[in-house]
Amino acid sequence: MEADPKEARKSTKGGWIFLLAGLIGALIVGWIIFPVLLYSEKSQPLTFSHASHGPESDAGLDCEECHFFYKDGTFSGIPKIKKCIECHEDPESPLTESPEEVKLFTEYVGPEKEIPWLIYSRQPDCVYFPHIAHVKMAEIECSVCHGDFATRKTSPPYKVNRLTGYSIDIWGRNIAGYKRNTWDNMKMDDCAECHTKKGKEDNNACFVCHK
Amino acid sequence: MEFNRRNFIKFAVGGTGGILLSPLPWKLIDDIAIWTQNWSWVPVPVRGKFSYLNSVCTLCPGACGIQVRKVGSRAVKIEGRGDYPVNQGGICPLGMAGLQILYNEGIRWKAPMKRVGPRGSQEWKEIPWDEAIDELATRIKGLREKGSPEKLAAIDGNQSRSTMALLIKRLLSSIGSPNYMVMPREEDTYDMVNFLMQGSRGPIAFDLENADFIVSFGCSLFDGWGAPGRMLSASREWVKNKTYLVQIDPRTSNTASKADLWLAPFPGTEAALALGMAHVIIKEKLYSKEFIENHTFGFADWFEEDGVKHKGFSRIVLEKYSPQVVENITGIKGRVIIEVARKFASAHAPIALAGRGKGTLPGSLYEFMAVHALNALKGRVNKKGGPLIADDIPLAQWSDPEYDPVAMDGLKKARVDLAKTPRYPFSRSLVNKFTETINNSHGSPIDTLMLFSANPAFTIPDSQSFIKAMAKIPFIVSFSPFMDETSLMADLILPDHTHLEKMADIVWPTGIQYPLYALSQPVVKPIYRTEHSGDVIISLAKRIGGPVSGSFQWANFEEALKERVKGLYDSGREKVSWADIKENGYWSIPAHSFEGGSDIFQTPSKRFEFFSTEIELAIKAYSKGKSFDDALLDLGISSKGDEVYMPHYEEIKSGADKKEYPLLLFPMELINLASGWIGNPPYLNKTLFDHQLKRDDLFVEVNPKTASQYRLKEGSKAIIRSPKGELRVRIHLFHGAMPDVIFIPFGLGHTAYDKYLKGKGVNPNEIIDQVEDPLSGQPVWWNTRVKLIRI
Chain A
1 MEADPKEARK STKGGWIFLL AGLIGALIVG WIIFPVLLYS EKSQPLTFSH ASHGPESDAG
61 LDCEECHFFY KDGTFSGIPK IKKCIECHED PESPLTESPE EVKLFTEYVG PEKEIPWLIY
121 SRQPDCVYFP HIAHVKMAEI ECSVCHGDFA TRKTSPPYKV NRLTGYSIDI WGRNIAGYKR
181 NTWDNMKMDD CAECHTKKGK EDNNACFVCH K
Chain B
212 MEFNRRNFIK FAVGGTGGIL LSPLPWKLID DIAIWTQNWS WVPVPVRGKF SYLNSVCTLC
272 PGACGIQVRK VGSRAVKIEG RGDYPVNQGG ICPLGMAGLQ ILYNEGIRWK APMKRVGPRG
332 SQEWKEIPWD EAIDELATRI KGLREKGSPE KLAAIDGNQS RSTMALLIKR LLSSIGSPNY
392 MVMPREEDTY DMVNFLMQGS RGPIAFDLEN ADFIVSFGCS LFDGWGAPGR MLSASREWVK
452 NKTYLVQIDP RTSNTASKAD LWLAPFPGTE AALALGMAHV IIKEKLYSKE FIENHTFGFA
512 DWFEEDGVKH KGFSRIVLEK YSPQVVENIT GIKGRVIIEV ARKFASAHAP IALAGRGKGT
572 LPGSLYEFMA VHALNALKGR VNKKGGPLIA DDIPLAQWSD PEYDPVAMDG LKKARVDLAK
632 TPRYPFSRSL VNKFTETINN SHGSPIDTLM LFSANPAFTI PDSQSFIKAM AKIPFIVSFS
692 PFMDETSLMA DLILPDHTHL EKMADIVWPT GIQYPLYALS QPVVKPIYRT EHSGDVIISL
752 AKRIGGPVSG SFQWANFEEA LKERVKGLYD SGREKVSWAD IKENGYWSIP AHSFEGGSDI
812 FQTPSKRFEF FSTEIELAIK AYSKGKSFDD ALLDLGISSK GDEVYMPHYE EIKSGADKKE
872 YPLLLFPMEL INLASGWIGN PPYLNKTLFD HQLKRDDLFV EVNPKTASQY RLKEGSKAII
932 RSPKGELRVR IHLFHGAMPD VIFIPFGLGH TAYDKYLKGK GVNPNEIIDQ VEDPLSGQPV
992 WWNTRVKLIR I
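Chain order of the listed sequences is A and B. Per the numbering used here, residue 1 is the first one in the first sequence, and the count goes up by one each step. Per the numbering used here, residue 212 is the first one in the second sequence, and the count goes up by one each step.
Same shape as in the complex, but just chain B (with noise of 0.2 Å):
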C-alpha cells in the first residue's frame, strides 16, 4: 500500500471525481464571468437617485422623443420617448448612442480657438469667447466698409425651417451677403417636386401608417429612413393591416427582405420603372379618372392658344415607356412590370416613394416626379394614407430684416453656387456648385466662410474638391461642436453646444403627417467653455452694429424663438403656452387635414401638372438667345420635345469610360453608422460586423459572381478606382448584391475625431464622381463608374 504512480493515478481520479460532484467549477465558471464584468476599467454609471427630462433627439431631421436619465448630474441613458408622437417609444442606434457625442472629450473643441500655425498644422490657442466673436465681427464689418459684404458665405447644415436656420440666413442677408447654402439634402429634390407638380414649397409628408400598398423606389425604409423610431411603429401597423411592400432596391438591404416584394433594377433606372408601371396604370385605364379629369394639368394632348400641340404626359408614356422598353431599360421582367403596376392600382391606398438609404441625400428631380406620377395617378395626393401637402404651422414671422445701401448692393450680387440662377432656376442652394466656382476662380470669390452644423470635407461627394476650394478661401470659421474634417481645416473655432446641452427646434420633422413642431431642450450644463451658436450669432450681429444690429433685436437665441413660438399660441388652434411647449416638447396637430379639390395647388393651372408650367418657363427663360438644344444641352437634359416639361426618364451621364470602368459605385447607408455631420459613435463601432469593419479595413460588398472576374475572394484586399482616386478595401462576398455593383458603406474613413475613427475604413466621398443632376444640379451620388484592381 505504498503511495505509487498507479495510487497517485487513483488518488487523481477520485480527486477529479470529487471535485466534479461538488459545485466548486460550476460555481467558479460563473463567478469568472461575473469576475470579467467587474474589473475596475469597465465603466459604469454613477449610483444615485435617477432624474429624467424630456427632449427631442436633433441628431437627423426625425425628430424623435427622447427620454435621457440622469444620475446628478450625469446623463447616464438616452430612450425612446413613449408619450410622444413621433416614435412611441421608438429610438435609432444613433439616438441611443447620444451620450458619446456628449461625453467624448476626444471628439470635442472644448473652447474658442485660433488657428496659430499653418493652416491644418493642428496649433491652436485658447482664447477668451469676446475675443473670438469679436475677430469674425471685424472681419465682417472689414468685408462690409469694402463694399463687398457677399465675400461672406454660410454652410449650414441646420434643418430647414429651424430658428437657427432662419437666424444665420437673418444674419448673412442683413450683412448684404446672398450667399448662404444649406448642406444638399432629399428635402431639396422633395421641396422641387412639391413646387413644379402642386405649386407648394415645403415638405411632402407620408402618410405610411394609412397605406396599405407601399412602393418604396430605394428609401430603406427600415434601415434609417425618416424618423426610425416612428417606422418602428409604423412596420407594426404594416403587419397587422396586411400592408404589402414592394421594395425597389439594387442590394437585399434589411428593408429588401423584410418587403413582399423585391425588386432590383439597374441604379439609376428607377424612374423608367415607375413611368412602365404609369404606362400599364394609363393603358389600362386603371387611373382615377375623377382626379385626371378635374384636378390635372398635362396628361391628354392639348393645345395652346395660339394652336400650338402639346402631347400628354400619357401618350408620352404610352409611347415610349412599354413594359418591353421598361425591360431593356431596368432589366426588370415586363410581365412583373404589369403585375406590380396592377396591384398598385388596384389597391385601396397606394402610395409610391422615392428616394435613396435614409431619406437624407438628394436625388433626381425628374425620377422624383415620375415616382409622385404615380400617386397622382391614383389621386392619391393629400388622401388618407397617400403623399400628403404639408399643413402650415402657424409659427410667427419675426420682422424683416433692416438692410443699408450695403447690404442692398450685397444682396443683388450673383450667388457662388449658381441657384436660383437662371441655369439652376429651382435648386435653393448647391453646395457643390459653390465648390466648382470657388475652384474655377483665380482668387476666392468668398473672403469668409462660416460653417455651422455641417461637415462638408466629409460628405460632400467628391470631398477632395471641397478641402481643395477650402484652402483657397482665406478666412474659415467653424462653429462645429466636434474636431471633425471641416473644422479641423478653419483659422477660428466657434464651437456649439452639442445636441444634448442646447435649445433647438424642429418645424415639421420629416415625412411626418402632422403638423408638428419639436423643441429639444438642454438635458445637461455645458461640459466645455462652448457656446450656443445662436446666442453667439445674435451677439456678432450686436457688435457688427447699424443695422445688422437692429435686425437682432433679442437678448438671446431663446427669445428668438419664443418670438417665433408665440404665433402657435396667438393662432388659436391649439392654445399652448410657452411653459406647456417646454414641458411636452412639441407643439402638434394631432390630424392632418384631408382636403382635396383643386384648391389645394398651386400651380399656374391651378392643378396638379404633369406638365410643368414653372419648368416651361424656366427652360424658356434660360434659351433666350441661344437654340432651345443648347439650352437643353446645357442644363444637363437630353431628352427633347415635350418630355422635358414632364416627369421622364434621363440616363445620368458619368463622364467616365464604361470600358475602362465596367463597374458601378453605390454607396449605401447604414442605420448602425451614422453617415452625416456626426461622427459615429464607438457604441456603433462596435455593432459593425467583422465582414464590414475588420480592425481599419472596410469591407465592400460584392456579388460572387463579379468578385470571380477579379478572382476575388472574401476577405481579399482591393483598390476600387473611380475618376477621382481610389481607395483601399477588402471584399465581403454578398449573394444579395447586384452583379457588377460595388456597395460601400458610408461613415467610415474619417481623418478626423479620435482613436475611435479615425483612420478606420475609407470614405466613398473622396472618389464620387459627382454627376449633375439634370436642371436641379443636385449632386448625384448614385453614379461612379469604377474599376476593381486586385492586390
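One chain only, chain A, in its complex shape (with noise of 0.2 Å):
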C-alpha cells in the first residue's frame, strides 16, 4: 500500500517546532550546562581579605609590602606563610575576631606550613612572564591584569577546568572569551594584543615568553 503524501505533510506539519527545540536545546546546552561541566570548583584553603589588609584598611599595608620584587628583581608573588607570622604572631592576642584567623592560626601559623593557596592567574609551564617589565618598566597597574582584588573581601571560589587544568581566570570567565575588561582574560592573544597596543610588537616573538 502507498502511503497517503498529505498524511505525510500533515506528519511534517509543525515540524518547526522540532527545529526550534533542537536549537534551544543545543544552545542551552551550549551556554549553560557545558561551562558548568567544563569547571569543577575549589575554595581557597582560607578566606583572604585583601579590603582589610589593603592600603584603605586598619591594617593600612601597602600592596609592596606583602607583594614585593626580590633584590634581583624576581616578583615575590603570593607572599609565604613568614610574612603572615610578621603579624599574625600570637595566637593568643589574634588580630580580629574571625575564625579564618583562627584556622590560620591553627592549621598554618602554628606549623609553620606554607597555606596552599589556589593561584588564580597561574600560566602555563615554560611561559615566562617577568613582572618587573611590565610593572616598573611599563609601570602598569596590577588591576590591568588583576582586576581589582585589593578592595576585595573574599576570594572568590577558585575554578578549574576538567580538561586542561588551568584556572578559569586565563580563559576568562565568560565562555565566548568575551572580554570587557583587560583583566577578564590572560591567554596570550590578550598579552599580545597589550604589546601590539603600547608599540612593543617585537615582544610578540615566541622565545620572550616561550622559555
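It is worth saying that the hints were derived from the structure and are not from the lab. A few of these clues could be false.
[As the list claims (entries may be wrong)] Where chain A lies over chain B, by a calculated footprint (3+ residues, C-beta under 8 Å):
{"id": "1", "segment": "228 to 234"}
{"id": "2", "segment": "832 to 846"}
[To be verified] Residues from chain A shown here face chain B by an in silico Cβ test under 7 Å; the list is partial:
{"id": "3", "residue": "LEU19"}
{"id": "4", "residue": "ALA26"}
{"id": "5", "residue": "LEU27"}
{"id": "6", "residue": "GLY30"}
{"id": "7", "residue": "ILE32"}
{"id": "8", "residue": "ASP125"}
In this text, a Cβ means the ideal position worked out from N, Cα and C, and glycines have one as well.
Since each chain comes alone in its own frame, lean on the hints to assemble the complex.
Dropping the structure here:
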C-alpha cells in the first residue's frame, strides 16, 4: 500500500517546533550546561580579605608590603607564611574575631606550614612572565591584569578547567571569551594585544615568553 | 506532529545549529589542544624560584658565554650570555641543548668501570675510584720499569692551550712518552700557515666584524662556523655596514644562500680559484705595493747569494693561473674570477678565509696558504678587518716537569704518528698516521692508550681502520663521560664530568679578534660518581710516584689552573683577581693591538713569506740521501721547482678509479647536528627535516640531474660505495647540490649511545677514503670517490 502523500505532509507540519526545540536545547547545553560541566570548583584554603589588609583598611598595608620584588628583580608573588607571621604572631592575641584567623593560626602559623593557595592567574609551564618588566618598566597597575583585587572582602572560588587544568581566569569567566575589561582574560592573545597596542610588537616573538 | 524521521532530522539540524551558535565547539577545540600539552608524561621543569649561574660552553672551541637557569639544584635552561664579549647573547642549538648531555642518563658512564667480558661485549664491573686509578698507575709504572714509557699514548680532544690539554701532555712527557696526540682540527692547518708564512705559532684570528668584503673559501659562516653566537652578531653588523660576502661552496648552504655572491667551483680546486684571483690582482697591479715591497719575501724573482735564480710568487701565478686556466680547473668562468678579484682588490678592508663547514676539521695546507696569500697581496695582515696575529695571553708558565733517565730515553723515541719527523715536519700530531702505523706493525707499538674528550672511532675518517687499530692495542683507558663508540671498546673507564659539572678553560676561543681567556665553571654538582679528569691525572701522577709525582705539585686541577691564571694578574695589563675571573667567567683585553711593520713576522726572513724558507729547509732535509724528485713524491707533492715552497694548487690524488667511482662524496656539517665527539642530543634530532632523517634512514642530497642518471627519485633507497665500504641511504633531490657530488651530513650513524642516536642514519667516516694532504699529512675528508647503486 502506498503512503498517502497528504498524511506525510501532515506529519511534518509543525516540524519547525522540532527544529526550534533542537536549537534551543543545544543553545542551553552550549551556553549554560557546558560551562558548568567544564569547570570544577574549589575554594581557597582560607578566605582572605584583601579589603581588610590593604591601604584603605585598618591594617593599612601597601601592596608592596606583601607582593614585593626580590633584589634580583624576581617577583615574590603570593607571600609565604613567614610574611603572615610578621603580624599574626601570637594565637593568644588574634588581630580579629574572624574564625578564618583562628584557622590561620591552628593550621598554618602554628606548624609553620605554607598555605596552599590556588593561584587564579597561574600561567602554563615554560611560559616566562617577568612582573618587573611590566610593573616597574612599563608602569602598569596591578589591576590592569588582575582586576580590582585590593578591595575584595573574600577570595572568589577557584574554578579549574577539567580538561586543561588551568584556572578559569586564564580563558576568562565568560565562556564565549568575550572581554569587557583588560583583566577579564589572560590568554596569549591578550598579552599580544597589549604589546601591540603599546608599540611593543617585538615582544610578541615566541621566545620572549616561551622559554 | 509525531517524532518521525523527518522531524528527527529537523531536531538534529536545529541542535547542530544551536551547538555551532554556542561557544562549546570552539572552546573545546582550544581546551583539547591545551590538554594534549599537559599529559602527565610531558616533561616540564620543576616549579620554584629561579637562580642563574654564568659559565662558558666548552662543547666547541667557540667558547660562548652561557647563562644557566636553575630551579633548586636542577639546571632547567641554557641561554646565551648577553654581557659576554664573544657571543653577546647568541647561542647555537647544541649549546642550548646542553642539558640533555648532562641529564640524559642513557648516554653517561655513571662510575668507573672495568671490562669483565671480552672486549666489546659490554660486560662491565663498577669499581671504586681508588682501584681504577691504581690499576692504570700500576700499568704505567710497569711500562717505565721495563724501560718503555713510549708505549703509553694519549689522544686528546681538549682545546689546544687549555689547562686540561697541558696537563695531559705534561703527564706523558714526565712519564717519558712522546706519543701525545690531539684530534685533527682546523687550527692545525692554520697553525702551519701561520708558522710557514708569518713565523709565529698559534691561531690566526679574523676581524670579520670590521671587514667590508669577505671571501669565504668554504667556511659555512652561518652554519656553525667559529663561535656561532659571535657569527650571529657579526651578520647583523654586515647587514648594517653593507659588507659584501662571497661564499665559495659546492652546495647552497645557508651561508651560500645568504651571500651576495655564491660561487661553486669543483670541490678541491679552491686553491686554484684563490690563485686565479691573485693572478688578476698581480696582473692589474691592484696589490698593496707598500706591503709587498717592504714586508714580504718571495714575491718577485730573486737570486740566492750563490747566484741561483728563484722564480717569485708573482711570476708563477702569472704564468700558471690565468683566468682561462683556472676556469678549466675550477669550472668558474674566467670573467667571474676577474670580477671578484677586482672587487676584492678595490675593497677597503677585504679578507679571505680558508676552511670547510664549521671550521673544525683540518684542511689542505697549500690551499690555506693560497687563500692567505690573497690577504697578504692586499697587505691586510694584522690590520683592522683583516686576519690578525694573535696577541699573547700572559698566562703563567708552569715550571718544567722533572725528567728521570727513563723519561729522557723514552722522549727520544720516534713518535708513532710520525708527526714532527722529517717526513711530516709541520704537523703537531697525526692520528691517521698513528692508526696506519699500528695497523702495519706486527704487534702494537703502543701498550696503553688513553683517550680524553674524543671519540675517534666515530669521528676519524676511515673509522674502521681506527677500530682495527684499537683491537690491537692491549690496554685502552677512556676518560669519556659518555658511552660512545670509542669508550665501549675500552678496558677501563675513568669517566669525566660533563661540561656543566666541571671547571675548564679555553685559551683564545677560535677566530676571536682580541685575547680572551674563558673560564667554564660547574653549574651543578656532579650527578654521578664521575671525577674531573684533571684531578684524576694529578692523582694518577702521584701514584706513579718518583719524578712523575714531582711534576704534579698541585693538590687538584683547580690549583694547577689557578697557577696559570696568576700570570694574568701579574702581567699588570688588566689587574684582575681570581675572584674577578671566576665571577666574570673570562679575562680579556677588549681590543687587538693592530701593529704593522715587519716586526710582527718571525720567519727566517723576518717578512711575510710567499716563498716559505721553512718548507725549503724541511724538503732539503728530507731529500738528503735521495733524489729530490723522489722526496717530493714521498711528500705527496706533484708540483716541481720553486712552486713547492709557495702556495699552489695540488690536485689531491685519490687511489680510486674515476671510471669505477664516478661521483664525489662531500661530507657536510649542519649547525643543528652535532658532528664531533659530542653525540647529537635528542632535541636536535627533532630539528632535522623528514628529507634529512626519517626514522632510521639518512638522506643524502643529490642533484636531480645526477639522480636521474641512476634512475633515482625523491626518497629512493640507494647504496653509496667507496673503496672503503658502503652506506645505505635514501635520496633527497636538491637543486642546490652540485651535480656528480653526493652531500652527506656528519653526526649520525652512531653504533653507541642510547635509543635516540644508536642506529639512526649512517656515518660517512666509515667510507671516507682517507687521502693524505701533501706535506702536512693531515687527513682530507673531501676527496672520496664513490658510486651510487640503486636498490
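Hint by hint, here is what the structure shows:
With 6 residues carrying a beta carbon less than 8 Å from a beta carbon of chain A, the segment 228 to 234 of chain B meets the three-residue requirement, and the given coverage holds. Under the rule that three or more residues need a Cβ within less than 8 Å of chain A, the assignment of the segment 832 to 846 of chain B is violated, with 0 such residues. A distance limit of 7 Å between C-beta atoms decides the matter here; for LEU19 (chain A) the minimum to chain B is near 4 Å, and the interface restraint holds. Of the supplied interface hints, the one on ALA26 (chain A) holds, with its beta-carbon coming within about 3 Å of a beta-carbon of chain B, less than 7 Å.
A least Cβ separation of about 4 Å between LEU27 (chain A) and chain B falls short of the 7 Å threshold, and the interface hint therefore holds. A least Cβ separation of about 2 Å between GLY30 (chain A) and chain B falls short of the 7 Å threshold, and the interface hint therefore holds. The interface hint given for ILE32 (chain A) is violated, since its Cβ lies 9 Å from the closest Cβ of chain B, which is over the 7 Å cut-off. Taking 7 Å as the C-beta cut-off, the interface hint given for ASP125 (chain A) holds, the closest approach to chain B being about 4 Å.
Hints 2 and 7 from the earlier list are contradicted by this structure; the remaining hints agree with it.
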